[in-house]
Each structure stands twice: as C-alpha cells, then as structure tokens.
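S.K.: Below are the chains, spelled out letter by letter.
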Amino acid sequence: DTAVSQTPKYLVTQMGNDKSIKCEQNLGHDTMYWYKQDSKKFLKIMFSYNNKELIINETVPNRFSPKSPDKAHLNLHINSLELGDSAVYFCASSQGPAGTEAFFGQGTRLTVV
Amino acid sequence: KQEVTQIPAALSVPEGENLVLNCSFTDSAIYNLQWFRQDPGKGLTSLLLIQSSQREQTSGRLNASLDKSSGRSTLYIAASQPGDSATYLCAVLPDSWGKFQFGAGTQVVVTP
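One line per chain: the protein sequences are A and B, in this order. Just so you know, we're using the working numbering here: the first sequence kicks off at -15 and counts up by one. Just so you know, we're using the working numbering here: the second sequence kicks off at 14 and counts up by one.
For reference, chain A alone in the conformation it holds in the complex (with noise of 0.2 Å):
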C-alpha cells in the first residue's frame, strides 16, 4: 500500500495549458511537502504545509498554487506552463515540520512542449 502517491506518474502538456498534479498521503502526517527536482537533479523545496496551512512558500512563480483541502492532500496546480516549468515534481510528508522522517511519492515528470 503506497505511502505517498501522486498522480499522474507523467505529464506531458503545450505551453500556455493550465494543469494539476495530486499528492495523496495514507501516513496520517499532518506536513506535506512540494519538491522540484531540475534537469541537473538538484532537489529544491517549494511549499510546505502543516495541518493545512502553508508554512513554508519559497520564491515560486505566482503561476503555482498549492491546495491542501484536508491534511492527507496537497495537490500543486500550475496555470500558463512554461517550458521552465518542466522538472520531476515530488511530493513529500513527514510528521510535523520538526524534523522526523520525510517520505516522498514516486514523482510526476511533467513536460512542456
């Protein structure tokens, strides 16, 4: 039974399109997580939200919006896609934000054309 899951495992969609991606987590965390893992591989935080609440944004383009209706969700979407935008998007959770464990979901390879 998957921890954390994302779906869809690949995305591949035009410039300019509006789209999602959902991040489901069966850990009873109450933290989840958005990473962007760039061509180089380097992995870099997006959001963060505890209980629902966002806790952490980095400087992100406004174009990207996470949602998180209940603790076990937090879906990313991202409006106007840009070729940029394409990456690996990982979603991830832990136990609160102090420091225990992070689990992460298998990826979503979005990309642009």
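The set of hints was computed from the structure by calculation and includes no laboratory data. Watch out, some of these pointers could steer you wrong.
[Said to hold, decoys possible] The calculated PhoX-like cross-link candidates involving lysine-lysine, where the alpha carbons are at most 20 Å apart (straight line), are:
#1 A:20 / B:14
#2 A:36 / B:112
#3 A:51 / A:6
[To be verified] Residues on chain B that point at chain A, a partial pick, calculated with CB under 8 Å:
#4 31
#5 47
#6 50
#7 56
#8 57
#9 89
#10 110
#11 111
#12 112
#13 115
#14 117
[As the list claims (entries may be wrong)] Away from chain B, derived, C-beta distances all over 10 Å, residues of chain A:
#15 -5
#16 32
#17 36
#18 47
#19 51
#20 53
#21 54
#22 71
#23 90
#24 95
#25 97
Built from N, CA and C at the ideal position, the CB exists for glycine as well.
For chain A, the structure is supplied; the task is to place chain B on it using the hints.
M.R.: Relative to the frame of chain A, chain B by itself:
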C-alpha cells in the same frame, strides 16, 4: 545559507566492496540529516535519519555517521550488491520547518 555537497558525484565498485559516500554541509546548526536513495524514474526512498544529537544510525548493511562540528556525514554500505546501484542523496534540515537542503547526489554502480 546552508550548502550541501556530495563527493564523489559518481562511483563504481565491484560487488562485495564496501561503499563510502560523503556528504558535507556548510552550517553546523542543523536539525537532522537524512539519507535517501533514488532509483531511475522512481521516487526517493528514506534510508536513515540522524538527529542532530546523534553520532550515527545503523540499519542492516547501512551505517551513517554525523559529525556536526566538521559539517560531515558519511554513509557506509557494507558488502555492496548490484541491487545497491542507485543515486544516494543526502538532505540536511537546517531548522524545524521541514525545509530540506539536498545535495546533488552520488550515483553508485555496483558491478557483478
């Protein structure tokens, strides 16, 4: 600003050899450090978590050490197997807010 470096970027060893993977960080004020492995096209699998107050953690063939004062962590994998081939990532938590800083990873190939 915390910077995390992993050296070497790539490593190839014959099966049975011990693996030593290095991670260094610039700011010793960390909350914890976590080691992950990433298989091609897959997500990250958590291997070991070391809290800032700990010196090492062990799980099976894996042992990770932490020396905060020198800004270093080392992941040892004993008796490597072809199934250990993956990219190993080190991530440092600089505060309590879950904002991991990742290294670029070490790509490991274990040849039969």
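S.K.: Determine for every hint whether it applies to the structure shown.
M.R.: We went through each hint and held it up to the structure:
{"no.": "1", "hint": "A:20 / B:14", "verdict": "holds, 19 Å"}
{"no.": "2", "hint": "A:36 / B:112", "verdict": "holds, 17 Å"}
{"no.": "3", "hint": "A:51 / A:6", "verdict": "holds, 10 Å"}
{"no.": "4", "hint": "31", "verdict": "violated, 25 Å"}
{"no.": "5", "hint": "47", "verdict": "holds, 6 Å"}
{"no.": "6", "hint": "50", "verdict": "violated, 11 Å"}
{"no.": "7", "hint": "56", "verdict": "holds, 4 Å"}
{"no.": "8", "hint": "57", "verdict": "holds, 4 Å"}
{"no.": "9", "hint": "89", "verdict": "violated, 20 Å"}
{"no.": "10", "hint": "110", "verdict": "holds, 5 Å"}
{"no.": "11", "hint": "111", "verdict": "holds, 4 Å"}
{"no.": "12", "hint": "112", "verdict": "holds, 5 Å"}
{"no.": "13", "hint": "115", "verdict": "holds, 4 Å"}
{"no.": "14", "hint": "117", "verdict": "holds, 6 Å"}
{"no.": "15", "hint": "-5", "verdict": "holds, 14 Å"}
{"no.": "16", "hint": "32", "verdict": "violated, 5 Å"}
{"no.": "17", "hint": "36", "verdict": "holds, 15 Å"}
{"no.": "18", "hint": "47", "verdict": "holds, 21 Å"}
{"no.": "19", "hint": "51", "verdict": "holds, 18 Å"}
{"no.": "20", "hint": "53", "verdict": "holds, 20 Å"}
{"no.": "21", "hint": "54", "verdict": "holds, 18 Å"}
{"no.": "22", "hint": "71", "verdict": "holds, 14 Å"}
{"no.": "23", "hint": "90", "verdict": "violated, 4 Å"}
{"no.": "24", "hint": "95", "verdict": "holds, 13 Å"}
{"no.": "25", "hint": "97", "verdict": "holds, 19 Å"}
Hint compliance for this structure: hints 4, 6, 9, 16, 23 are not met, and every other hint is.
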